[in-house]
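The listed protein sequences correspond, in order, to chains A and B.
Be aware that the first sequence starts at 1, since it is given in the working numbering, and climbs by one per residue.
Be aware that the second sequence starts at 1, since it is given in the working numbering, and climbs by one per residue.
Just so you know, not all the hints are guaranteed correct.
Stated by the list, open to error - Looking from chain A toward chain B, a few residues come up when the C-beta cut is under 10 Å (computed):
1) Y43
2) A59
3) R68
4) G69
5) T77
6) K84
7) I90
8) E91
9) L93
10) F110
11) T141
12) M142
13) C144
14) E221
Unchecked claim - No farther apart than 27 Å at their CA atoms in a straight line, the calculated lysine-lysine pairs in the BS3-like style are these:
15) B:K46 / A:K118
16) A:K119 / B:K46
17) B:K46 / B:K72
The hints are simulated quantities; they were obtained by calculation from the structure and are not laboratory data.
For each residue, glycine too, the CB sits at the ideal point set by N, CA and C.
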Amino acid sequence: MKLCAFQVFLCILCGLLNGCARQAVVDNTAGFSVMVCSDAEIYRCGQVYPHGRWQFVHAIDFSLQNGRGSQLIGVTTVDGEAIKCALLTIEGLTLFAGQQREAGAVPEVFHRLAPFDKKGFARGLFADLRTLFIPPAGDATMQCGSIDGDPACRIYRYPGSVDIILRDNGCWTLLDRNADGHVTRRVTTRNCVNRQMYTVPEILTLATGHYTLRMRLVRAERLSGRDEH
Amino acid sequence: MSRRIHLPILLIAILIAAISGAAIASSSRVTVRSVQAEFRQEKYLKILRSPICSSGRFLFQAPDSLRWEYTKPFRSVLLMYRGRIRKFVEHGGRLIEENGMPVDAMQMVLADIGNWLAGRFTDNDVFTVSRLGNMVRLVPKQEGMRAVISAIILELGSRPGLLDSVTIQEGGGGITRLVFSHARLNIPIDERLFRTP
Chain A
1 MKLCAFQVFL CILCGLLNGC ARQAVVDNTA GFSVMVCSDA EIYRCGQVYP
51 HGRWQFVHAI DFSLQNGRGS QLIGVTTVDG EAIKCALLTI EGLTLFAGQQ
101 REAGAVPEVF HRLAPFDKKG FARGLFADLR TLFIPPAGDA TMQCGSIDGD
151 PACRIYRYPG SVDIILRDNG CWTLLDRNAD GHVTRRVTTR NCVNRQMYTV
201 PEILTLATGH YTLRMRLVRA ERLSGRDEH
Chain B
1 MSRRIHLPIL LIAILIAAIS GAAIASSSRV TVRSVQAEFR QEKYLKILRS
51 PICSSGRFLF QAPDSLRWEY TKPFRSVLLM YRGRIRKFVE HGGRLIEENG
101 MPVDAMQMVL ADIGNWLAGR FTDNDVFTVS RLGNMVRLVP KQEGMRAVIS
151 AIILELGSRP GLLDSVTIQE GGGGITRLVF SHARLNIPID ERLFRTP
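Just chain A, with the same shape it has in the complex (with noise of 0.2 Å):
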């Protein structure tokens, strides 16, 4: 039997999700302006995480650069630095599931069919959550100003810093940078609701230089003490 076009393409999705996230999209270091931090700009820059347990479920529409792309539906569970995920067709069936217990530490799989068991396909895909959701760890320090006239913060942590830019009807941007400055992943959303100490967004658009992740909101729940996820 011979692989079919939907798995080779699988296959080049691993392989981007693997190791395409180090390129850079966009060398933007210049642009920001230091200022002094307002209460409203940490208020509204720490409201771009969920803080507590959360369990998402997203529709993903994911593309490449060549217009090429397939859907997926995302189940991510964060709960302070642990993330859980799994990844399904829109019939249903499991493709991807694992867990990461902190930033870079080796993931934990459950679940994995081919070819989403390969080797880093898991590592990149944790990292691209923690982008998403989890707010730089360690000594992470933080600088108040803006971009582009937009209020902006940005976290330093090692290596390389995190732009959050806040926009005027409630959403952000997120600039993730490496070490050198260059912008390896831009997170942009759209139509945010404040739920619980979290700006939640309806869509999350994640790009690096080869992929883009469209993500829109299914569903998100604050989980109690009581949810064993």
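Starting from the structure of chain A, add chain B where the hints point.
What follows is chain B alone, placed relative to chain A:
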């Protein structure tokens, strides 16, 4: 057999589920010319606090035309018309045809349609079939396939020719349950619905 080749197996399972409804109708003295219904799909996973729900509709026209369509949360359409199988997915707001449908595997299923419509609801090349009361259980014959789909359970409806639900048990522990509603039997269906998304 490698697990790599089995990613589209759920589509095959869905085809079987849809066609089985018609097959069961044939074996219960109802001549099936067409079946159409809406469905709600519930996905259960250990990681999930509550199931993920999708919905859509399916249309079947004897002997071998099928439309399996998801409307939420994505739009996706699987068409089978005179032996040709095509799948369309929404991408960038438009329905785009996916290449590389698993034609070999689909043809294994298609080969059995004739038997099922004749009421011979028995083992085939892909599944071992057993029936107990209103439950029909399909178990993949190949070990590699069982690692992905361990069993498919069809729950027959009280009305001849229709299914109440299909439960797909994954080898990894996940469960997909399809519950059918608003089912209609032998209502004429526009042929274009099997040809165009």
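Hints and how they fare:
1. Y43: Because about 28 Å separates Y43 (chain A) from the closest Cβ in chain B, which is outside the 10 Å limit, the hint is violated.
2. A59: Result: holds, 4 Å to nearest chain B Cβ.
3. R68: Result: holds, 8 Å to nearest chain B Cβ.
4. G69: holds, 5 Å
5. T77: The hint holds - T77 (chain A) has a Cβ within 10 Å of chain B, the shortest such distance being about 6 Å.
6. K84: Since the shortest Cβ distance to chain B is 5 Å, the answer is holds.
7. I90: holds, 5 Å
8. E91: Where the cut-off is 10 Å and the nearest Cβ of chain B is about 4 Å from E91 (chain A), the hint holds.
9. L93: Result: holds, 4 Å to nearest chain B Cβ.
10. F110: With a closest approach of 7 Å, the F110 (chain A) hint holds.
11. T141: Check failed: Cβ of T141 (chain A) comes no nearer than 34 Å to chain B, outside 10 Å.
12. M142: Nearest chain B Cβ about 32 Å off; hint violated.
13. C144: violated, 36 Å
14. E221: Holds, about 6 Å.
15. B:K46 / A:K118: holds, 23 Å
16. A:K119 / B:K46: With Cα atoms ~24 Å apart, K119 (chain A) and K46 (chain B) stay inside 27 Å; holds.
17. B:K46 / B:K72: Cα-Cα ~22 Å, so holds.
Comparing the model with each numbered hint stated earlier shows that hints 1, 11, 12, 13 do not hold.
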